[in-house]
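> Chain by chain, the residues run as shown.
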Amino acid sequence: MIASLPPFAVFFAGAPLVMLLRGRLQQGLLLLIPLLSAALLLGVPEGLVVKVQLMGYELTPYRTDRLSLLFAYVFNLAAFIGIVFSLHLHDRLQHVAALIYSGSALGAVLAGDLISVFVYWELAAISSVFLIWSRRTPRSMSAGWRYLVVQFLSGLLLLAGILMRFHETGSLAFDYIGLDAVSGWLLFTAFGIKCAFPLLHNWLTDAYPEATPTATIFLSAFTTKTAVYMLARGFPGTELLIYIGAIMTCFPIFYAVIENDLRRVLAYSMINQLGFMVCGIGIGTSLAINGAVAHAFNDVIFKGLLFMSMGAVLHMTGKSRATDLGGLYKSMPITTGLCIVGACSISAFPLFSGFVSKAMVMTAALQQGHDWVWLALLFASAGVFHHAGIKIPFFAFFARDSGIRTGEPPLNMLLAMALAALLCVSIGTWPALLYSLLPYPVDYSPYTVTHVLAQLQLLFFSALAFTWLKLSGLYPPEMRALNIDAEWLYRWLGPRALNRLTPVFSRWHVRTRSGFLRHLGNLFGTLFLYHGPQGILARTWATGSMVLWVVILLGIYLIAYYY
Amino acid sequence: MQQDRQHIFDKPENVRRLLRLLYLICALLLAADLFVHRHVEHGWESLWGFYAIYGFAACVLLVLLAKQLRKLLKRPEDYYDR
Chain A
1 MIASLPPFAV FFAGAPLVML LRGRLQQGLL LLIPLLSAAL LLGVPEGLVV
51 KVQLMGYELT PYRTDRLSLL FAYVFNLAAF IGIVFSLHLH DRLQHVAALI
101 YSGSALGAVL AGDLISVFVY WELAAISSVF LIWSRRTPRS MSAGWRYLVV
151 QFLSGLLLLA GILMRFHETG SLAFDYIGLD AVSGWLLFTA FGIKCAFPLL
201 HNWLTDAYPE ATPTATIFLS AFTTKTAVYM LARGFPGTEL LIYIGAIMTC
251 FPIFYAVIEN DLRRVLAYSM INQLGFMVCG IGIGTSLAIN GAVAHAFNDV
301 IFKGLLFMSM GAVLHMTGKS RATDLGGLYK SMPITTGLCI VGACSISAFP
351 LFSGFVSKAM VMTAALQQGH DWVWLALLFA SAGVFHHAGI KIPFFAFFAR
401 DSGIRTGEPP LNMLLAMALA ALLCVSIGTW PALLYSLLPY PVDYSPYTVT
451 HVLAQLQLLF FSALAFTWLK LSGLYPPEMR ALNIDAEWLY RWLGPRALNR
501 LTPVFSRWHV RTRSGFLRHL GNLFGTLFLY HGPQGILART WATGSMVLWV
551 VILLGIYLIA YYY
Chain B
1 MQQDRQHIFD KPENVRRLLR LLYLICALLL AADLFVHRHV EHGWESLWGF
51 YAIYGFAACV LLVLLAKQLR KLLKRPEDYY DR
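Residue numbers (the numbering used here), protein chains in the order written: chain A, 1 to 563; chain B, 1 to 82.
Watch out, some of these pointers could steer you wrong.
[As the list claims (entries may be wrong)] Which residues of chain B face chain A? A partial, calculated answer using Cβ under 8 Å:
| # | residue |
| --- | --- |
| 1 | Phe9 |
| 2 | Leu19 |
| 3 | Leu22 |
| 4 | Ile25 |
| 5 | Cys26 |
| 6 | Ala32 |
| 7 | Arg38 |
| 8 | Glu41 |
| 9 | Tyr51 |
| 10 | Tyr54 |
| 11 | Leu62 |
| 12 | Leu65 |
| 13 | Lys67 |
Source of the hints: derived by calculation from the structure; they are not laboratory data. Nothing here was measured: the structure is a model prediction, and the numbers come from that model. Yeah, the Cβ is synthetic: ideal placement off N, Cα and C, and Gly gets one too.
Kindly generate the complete structure, drawing on both the sequences and the hints.
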């Protein structure tokens with residue numbers, strides 16, 4: 001009985017209690033929630049399916065298999081690390097939003113039907129925007145609104161896809177979907193938005209760096225990785241994903257090199273890491289899927305660690321731009337060390353966690369004959385070392401001395417980072433720990449002489465390139481500037497085009513209105529012709545096309561509302 | 001606090017030592033290619049120094065291209081707020 005109590009219920013039940021308590025009691029409860037949920041999660045068997053009848057529909061709010069359990073484990077872990085990291089905060093809004101957001105992410109990966117997925121999808125969107133707003137600056141407010149519009153757009157496409165799919169197949173079950181029908185494309189795009197597909201990615205780089213130092217840890221763990229889970233469940237082996245993934249690994253690293261805000265560098269680097277996962281899901285062999293989800297697991301932890309170290313810097317100095325930082329290793333040696341562990345992990349150094357998962361995807365790409373994709377992934381691997389492995393620690397903690405003298409962050413922050421670092425090293429040195437949890441049996445050993453040597457050569461010569469560029473003065477200096485990206489379309493062009501068009505439109509509107517009223521009589525005649533008893537438009541429409549039109553209208557409304 | 005105590009990288013010779021260590025490791029790794037027999041998935045991998053050269057070239061290309069991209073993409077920090 002207890003075993004079928006879903007772990008996410010603990011988060012939802014705990015959130016209102018956290019609102020009522022304060023001080024030590026609140027901190028105790030905050031820590032207890034993820035621990036209790038972990039206890040439930042560890043006790044649950046594989047293959048549990050809980051079904052509920054609701055208004056004649058059969059829903060599956062709780063389903064466990066190897067794929068969903070792996071994501072649930074890492075989400076539970078991330079929630080715990082995030083809570084420890086933010087334990088010093090006296091901000092109820094942030095604590096409650098983080099709990100509901102964590103619960104929704106857990107709910108989404110444990111849901112067995114599409115309606116439940118939709119409910120958690122929207123709940124995650126709404127709760128997470130409060131994590132962005134909790135920074136309480138004008139910038140975070142407007143970034144939060146932009147974030148919310150994009151999240152709702154994704155939710156809208158998801159809902160439309162679900163309704164059309166239900167109409168086509170008569171089932172709400174969430175299993176393999178594929179791109180055979182329009183509904184498949186709608187769901188694919190809905191997941192793609194949250195997975196930061198190219199051109200749909202700017203909500204991430206826009207909003208995450210504007211959140212509070214602590215909130216970003218939760219944000220970086222859940223939304224995008226939930227989307228990775230959805231793709232792994234619904235679209236494994238979809239060839240398009242291979243190319244989307246390859247592009248995702250390559251283009252953000254160029255932005256990461258010239259970006260000044262180090263937390264935004266990490267946001268771009270996150271898209272790069274998501275690219276490896278998306279690519280693996282697209283390749284679709286058991287090795288590739290294993291690699292993709294193992295990398296998702298590791299990424300939650302090492303990207304969390306990197307965001308935590310930059311969060312600690314932001315917390316202590318109030319700064320996160322490379323131009324303002326430097327030389328912090330003198331006053332924050334422990335944070336520096338922990339950041340370097342995260343940097344080694346994301347760069348896939350042997351003995352660190354990234355090494356044991358990323359290589360599975362790359363080997364799978366070669367085995368399936370995707371030579372060019374493999375070269376792109378290799379380029380991105382060198383690039384990620386360059387911008388996340390070297391740039392982040394170098395400009396924050398070393399480089400020139402910025403003159404800032406501060407101290408280590410509060411103990412709870414250090415402990416959260418230490419826990420994440422410990423996991424990075426443990427998984428890196430003892431990969432069986434992670435491999436035993438993967439959805440398919442693992443017949444892969446990362447620690448062969450060939451692989452270790454190849455990876456070390458790649459990384460050390462990347463470091464050599466950085467050194468050479470830096471010493472020769474070819475390396476582009478950090479600058480206080482922003483770089484335009486796809487968001488330029490809706491943050492610059494859109495508002496300006498609208499300003500231009502509004503007067504034109506209103507003039508046109510006045511002129512046509514009088515004409516329209518004159519012709520109204522004729523119009524009714526025409527309407528009767530088409531909609532009358534014999535009219536073509538009076539025929540019954542397919543629900544599918546209805547849904548599509550409703551979605552288009554709602555989408556237009558959403559965009560219009562944003563402006 | 002610790003009024004400008006000498007820190008490890010304040011001494012230029014420590015930086016030089018670190019760089020020399022990096023050069024040494026690179027040289028050893030490249031030399032290892034002559035002795036280690038690779039079990040490869042692809043022909044390119046068995047070319048001498050493939051990973052080393054690819055890693056070096058990838059990073060140089062990445063940085064120099066990104067530097068050029070800046071000309072196209074760079075805007076003032078308050079660009080969207082104006």
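> Next, verify each hint and record whether it holds.
Hints, one by one, checked against the model:
The beta carbon of B/Phe9 is positioned within 8 Å of a beta carbon in chain A (closest approach about 7 Å), and the interface hint is therefore held. Annotation: interface hint on B/Leu19 holds; nearest CB of chain A at approximately 7 Å, less than 8 Å. With its C-beta approaching chain A no nearer than about 6 Å, B/Leu22 sits inside the 8 Å limit, and its interface hint holds. A least Cβ separation of about 6 Å between B/Ile25 and chain A falls short of the 8 Å threshold, and the interface hint therefore holds.
At about 5 Å, the closest approach between the beta carbon of B/Cys26 and any beta carbon in chain A falls short of 8 Å, and the interface hint on this residue holds. A distance limit of 8 Å between C-beta atoms decides the matter here; for B/Ala32 the minimum to chain A is near 6 Å, and the interface restraint holds. Hint status for B/Arg38 relative to chain A: holds, with the closest Cβ pair at about 4 Å, below 8 Å. The beta carbon of B/Glu41 comes within 4 Å of a beta carbon in chain A, closer than 8 Å, and the hint placing it at the interface holds.
The closest approach between the C-beta of B/Tyr51 and any C-beta of chain A is roughly 4 Å, which is under the 8 Å cut-off, so the hint is satisfied. Below 8 Å, beta-carbon pairs count as interface contacts, and B/Tyr54 has one with chain A at about 6 Å; its hint therefore holds. Below 8 Å, beta-carbon pairs count as interface contacts, and B/Leu62 has one with chain A at about 5 Å; its hint therefore holds. Hint on B/Leu65 holds. Least Cβ distance to chain A is approximately 6 Å, under the 8 Å limit.
Interface hint at B/Lys67: satisfied, since its Cβ lies 4 Å from the closest Cβ of chain A, which is below the 8 Å cut-off.
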